[in-house]
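Enquirer: Residue numbers (our numbering), protein chains in the order written: chain A, 25 to 378; chain B, 362 to 658; chain C, 417 to 787.
In short, the hints are calculated from the structure, not lab data.
A couple of the hints might just be wrong.
Subject to a maximum C-alpha distance of 20 Å in a straight line, what follows is the list of computed PhoX-like cross-link-like pairs (lysine-lysine) [stated by the list, open to error]:
#: 1; chain 1: A; residue 1: 231; chain 2: B; residue 2: 605
#: 2; chain 1: A; residue 1: 367; chain 2: A; residue 2: 73
#: 3; chain 1: A; residue 1: 81; chain 2: A; residue 2: 310
#: 4; chain 1: A; residue 1: 228; chain 2: B; residue 2: 605
Distance windows between CB atoms, simulated [what the hints assert, rightly or not]:
#: 5; chain 1: B; residue 1: 386; chain 2: A; residue 2: 124; range: 32 to 42 Å
#: 6; chain 1: B; residue 1: 422; chain 2: A; residue 2: 124; range: 17 to 27 Å
#: 7; chain 1: A; residue 1: 374; chain 2: C; residue 2: 533; range: 38 to 48 Å
#: 8; chain 1: A; residue 1: 130; chain 2: B; residue 2: 429; range: 34 to 44 Å
#: 9; chain 1: B; residue 1: 511; chain 2: A; residue 2: 208; range: 47 to 57 Å
Here the structure is a predicted model, which is why all the values come from computation and not from measurement.
Glycine is no exception: its CB is placed at the ideal position from the N, C-alpha and C atoms.
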Amino acid sequence: MRRRELLGGSIAALAMPAIITGARRAEAADENQLTIVSWGGSYQDAQSKAEFEPAAKALGITVKQQTYSGLAELRLRVKSGAGGWDVVSSGSGTAARAGKEGLLEKLDYSVIDAKSLISGTAQPYYIGNDVFSTVVGWSTKTFGKNGPQNWVDFWDVRKFPGSRAYRNNAMLEPALMADGVPMHEVYKVLSTEAGLKRAIDKMKQLKPHIAVWWSSGAQSAQLMKDGAVDMIAAWNGRLDAANKDGAACAYTYEQGLLDTDCFVIPKGTKKRDLAMRFIAEISKPKYQADLTKYITYGPTNEKAYDLTSIISPAYAAQLPSSPANTAKQLLIDDAWYMKYYQKAQAAYQDMITG
Amino acid sequence: MKALAAEGPNATELGRDARSERWMLFGLSLPALLLVGLVVVLPIAWLFLLSFQTEGGAFTLANYQRLIDQPSYRRILAMTFEISLTVTAMCIVLGYALAYLLAQLPRRVAGVLMLGVLMPFWTSILVRTYAWLVLLQRDGLINVIGEHLGFWQKPLALVYNMEGTVVGLVHIMLPFMVLPLYNSMRAIDRDYVRGAANLGAGPIQVFWHVYLPLSRPGLFAGGTITFILCLGSYVTPAVLGGGKIVMAANGIAGDVELYFSWGPASAFGVVLLVITLTILFTASRFARLDRIFGGGA
Amino acid sequence: MTPSPTDARPQQKGLPIRVRQVSKTYGRAVALDQVDLDVQSGEFLTLLGPSGSGKTTLLMVLAGFVRPNQGSLHFGERDVLRLAPHKRGVGMVFQSYALFPHLTVAENIAFPLKLRRVPRPEAMRRVEAVLDLVQLPDFGGRGVDALSGGQRQRVALARAIVFEPGILLMDEPLSALDKQLRERMQIELRALHDRLGITTVCVTHDQREALTMSNRIAVIDRGSIIQLGTPKEIYDRPSTRFVADFIGESTFLPVTGSGGTFRLGAQALKLEGYTPPPGANLLMLRPERLALLPEGAPGPDPRYNVITGRVTDIVYQGESVLVQIRLDDGGTVAARVSSARAALGAVPVPGASARLAFAPEDMNLLCGEAG
Numbered sequence: 025m026r027r028r029e030l031l032g033g034s035i036a037a038l039a040m041p042a043i044i045t046g047a048r049r050a051e052a053a054d055e056n057q058l059t060i061v062s063w064g065g066s067y068q069d070a071q072s073k074a075e076f077e078p079a080a081k082a083l084g085i086t087v088k089q090q091t092y093s094g095l096a097e098l099r100l101r102v103k104s105g106a107g108g109w110d111v112v113s114s115g116s117g118t119a120a121r122a123g124k125e126g127l128l129e130k131l132d133y134s135v136i137d138a139k140s141l142i143s144g145t146a147q148p149y150y151i152g153n154d155v156f157s158t159v160v161g162w163s164t165k166t167f168g169k170n171g172p173q174n175w176v177d178f179w180d181v182r183k184f185p186g187s188r189a190y191r192n193n194a195m196l197e198p199a200l201m202a203d204g205v206p207m208h209e210v211y212k213v214l215s216t217e218a219g220l221k222r223a224i225d226k227m228k229q230l231k232p233h234i235a236v237w238w239s240s241g242a243q244s245a246q247l248m249k250d251g252a253v254d255m256i257a258a259w260n261g262r263l264d265a266a267n268k269d270g271a272a273c274a275y276t277y278e279q280g281l282l283d284t285d286c287f288v289i290p291k292g293t294k295k296r297d298l299a300m301r302f303i304a305e306i307s308k309p310k311y312q313a314d315l316t317k318y319i320t321y322g323p324t325n326e327k328a329y330d331l332t333s334i335i336s337p338a339y340a341a342q343l344p345s346s347p348a349n350t351a352k353q354l355l356i357d358d359a360w361y362m363k364y365y366q367k368a369q370a371a372y373q374d375m376i377t378g
Numbered sequence: 362m363k364a365l366a367a368e369g370p371n372a373t374e375l376g377r378d379a380r381s382e383r384w385m386l387f388g389l390s391l392p393a394l395l396l397v398g399l400v401v402v403l404p405i406a407w408l409f410l411l412s413f414q415t416e417g418g419a420f421t422l423a424n425y426q427r428l429i430d431q432p433s434y435r436r437i438l439a440m441t442f443e444i445s446l447t448v449t450a451m452c453i454v455l456g457y458a459l460a461y462l463l464a465q466l467p468r469r470v471a472g473v474l475m476l477g478v479l480m481p482f483w484t485s486i487l488v489r490t491y492a493w494l495v496l497l498q499r500d501g502l503i504n505v506i507g508e509h510l511g512f513w514q515k516p517l518a519l520v521y522n523m524e525g526t527v528v529g530l531v532h533i534m535l536p537f538m539v540l541p542l543y544n545s546m547r548a549i550d551r552d553y554v555r556g557a558a559n560l561g562a563g564p565i566q567v568f569w570h571v572y573l574p575l576s577r578p579g580l581f582a583g584g585t586i587t588f589i590l591c592l593g594s595y596v597t598p599a600v601l602g603g604g605k606i607v608m609a610a611n612g613i614a615g616d617v618e619l620y621f622s623w624g625p626a627s628a629f630g631v632v633l634l635v636i637t638l639t640i641l642f643t644a645s646r647f648a649r650l651d652r653i654f655g656g657g658a
Numbered sequence: 417m418t419p420s421p422t423d424a425r426p427q428q429k430g431l432p433i434r435v436r437q438v439s440k441t442y443g444r445a446v447a448l449d450q451v452d453l454d455v456q457s458g459e460f461l462t463l464l465g466p467s468g469s470g471k472t473t474l475l476m477v478l479a480g481f482v483r484p485n486q487g488s489l490h491f492g493e494r495d496v497l498r499l500a501p502h503k504r505g506v507g508m509v510f511q512s513y514a515l516f517p518h519l520t521v522a523e524n525i526a527f528p529l530k531l532r533r534v535p536r537p538e539a540m541r542r543v544e545a546v547l548d549l550v551q552l553p554d555f556g557g558r559g560v561d562a563l564s565g566g567q568r569q570r571v572a573l574a575r576a577i578v579f580e581p582g583i584l585l586m587d588e589p590l591s592a593l594d595k596q597l598r599e600r601m602q603i604e605l606r607a608l609h610d611r612l613g614i615t616t617v618c619v620t621h622d623q624r625e626a627l628t629m630s631n632r633i634a635v636i637d638r639g640s641i642i643q644l645g646t647p648k649e650i651y652d653r654p655s656t657r658f659v660a661d662f663i664g665e666s667t668f669l670p671v672t673g674s675g676g677t678f679r680l681g682a683q684a685l686k687l688e689g690y691t692p693p694p695g696a697n698l699l700m701l702r703p704e705r706l707a708l709l710p711e712g713a714p715g716p717d718p719r720y721n722v723i724t725g726r727v728t729d730i731v732y733q734g735e736s737v738l739v740q741i742r743l744d745d746g747g748t749v750a751a752r753v754s755s756a757r758a759a760l761g762a763v764p765v766p767g768a769s770a771r772l773a774f775a776p777e778d779m780n781l782l783c784g785e786a787g
């Protein structure tokens, strides 16, 4: 469930008619051109260099890249019948909801080889492409190497005094883990009324110590770079990016929330088959392994780790989807998000504003 | 008179001319009317319609029910008004002083300084807001200087809260306050001030009894513009509010992402619009009263 | 200040004003050049001059809005030179009236009383009394915007006198009114002044206004008082050609001579009882002071000078007829004949010869440039 670049949302919505007419014109231009839509920024740069451009070359087609702001934009495009988008990069939770809403084409796994993918990442409407994790991060300036090592520590304001940053959108799994719920029971508890309340109450406990509720990955990285907070719950790739940019932070995969970015084919595309072949291509180990060169998000195709010339074992250990790291983490349950997210978010909003 | 108008020489022809002139005027303003209808009335009507629809397009009041049931909406509205009022009040204090200073200066000097007031208009709100972030944050310039000079020991929480948001908004809104204030102050005849002084009023009394009442139209205009623009703030609370400061526009954006349909966000938008219009209407009544009393001089 | 219970008539008499050596320059421009002026207690004095002459600057110095470069200024015994305007206690009627648009008529008039902490019932009584005085009873509740020009003028006056100042200043008080109203207000202002006995200094560029209202007139030009005197003195015996030109109509004819004898052309002027200034070289004649003698009529009183010429033009001006005459000795003069006399056939036709007569008190001999 990624809801990035909230800032861009309404601006994009305002500019929608222009985008739609623009896309219509482009669509007719080339039979062998695919329009790929992603989140922009450093993430799309990485995708473009490791996956989109090489795969297009291999298939003998061209790709045209666009950016979008989220589900609302995808929804409007599909429902208005504007079309023009062939392949869209999306968070898995969002993709699950979009699939349920009937916005997506079913994926054809006779074309796409998903046998070596991490189990649960190849779904009827979406296929995982990279794995990232929401982790406990800390400023090494404040804590050195001995920062909070799990969510219990993150909640422990006596042992780890200091300001914290946390997600602006509902993220309740850490609260339950901090409250002592074992990792494998988190979603079971969270699916009950009492469990949801328990998580929200736990959030309320930490709330006075949360200085910033971040709303975009870029913002979370900036917070660490600026030294605005001492601890953060953030996406691991963003923290690495912040470090590259001069921040001093560390993080642990312990109790991390493992999540996948995936690809979908929106309804209304006129190039469904080509899009399918394109997704099949970029799901191959080689492309996914290459992606790790640009961003510390792990591959979903486990065979990518076999390409040790690209992913050294030492580097693999740093990626969220390496087997050793996977074992420490909780895989995000898309089904829970589909069912309870709206309710959870409403309660979360009440908690933040209360 | 009536009989004269109907029966006098050329009365029919002149009447026809008057009517055709009216039609021509209407024809000339038609494009503008259509444009306004297209870009203002139609979207608002659409917004209104959407707010009463389910995802499937059926009629529902659920979107409004949610606004009542979920306490966060009330709090967001309350926070929006609290911030807007605070910002407007601060803009009035700062803007009045600034406009007063400008109005006392020779026009040419004031013109140059006014350019400085307007300069921020040329840079994007986002850039200006991030500039405040750089200044106000924990390791920001103000904290660094303050700690270095020993004014305070631990970094002050200047941003990611209400205070930081208000500072950023005041900076953005100030020109909207200064411009109408400056104009209404420039329109105050020097004789009023001299007259009051002549009648025995000291500088403070002149200001209180004469200058302030006469600059009230500008104060009303600036205050209303500032307040209403504030209600629609989005970027500044998003950047400087640290997620804790959620104003109406931020809430609306969140709803757009969260729900399958536009209904919830539309309903919130309609509520904000209605409240804003009510304020505008009330303010305009005040302003009109003011004109009756001759404040527009 | 002792408030009077029933009317706005001041208990104290107006204060005298003493101006000494007052100068004011704006950069290189001299607005006032070492002006000395004494205004008597209860006097109505008008500062008359063309625009830019410095008359308004002098008034503003009195009010305290212009700080002079040097000089001294006393109201009565009080040195007010360095006193702020609001401490001077003078009433003032502005050219724009400066009535506060956000206040009603009554609130405007009560304004100076409020500042002086006059109790409300007392203030209301005085507002009513002064509104009666300026003939605007029952106008108290009106907005200022709803008033006509003349009504505003009265309200401004009422506001300026309601707090019973010893001195009243007026800056072109009637210039915004139309001619008829202006003339009526001149009479009214004069009557009001007579009643109140308040020392009044009025600035105007309108000579008629000055002549009608004033006890004395100070004619100002280029920052200096050129002549100070009663209206009659100023009109009948202007001291310079500038004053003569500025007030009333006049014709100038060059004269020669010195000592007791002056000649217009070849004709010696009869000066019985009149001592011209030494070195005078101009004869000033006012059209209405020239008597046009009917054809064949016997000569007038021997005191009169008689000059002859030929009618060149006749201009009908409503209340009078202006006759242009080219003199036999050279030069042109104008003579005014009232319409009543013109109807009786006192006006010759163009081309006819004409004789004009004037007594010594109807003429003036001045120093100045001819032309």
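Enquirer: Tell me, in ascending order, the numbers of any earlier hints that this structure violates.
Expert: Hints 2, 5, 7 contradicted; others consistent.
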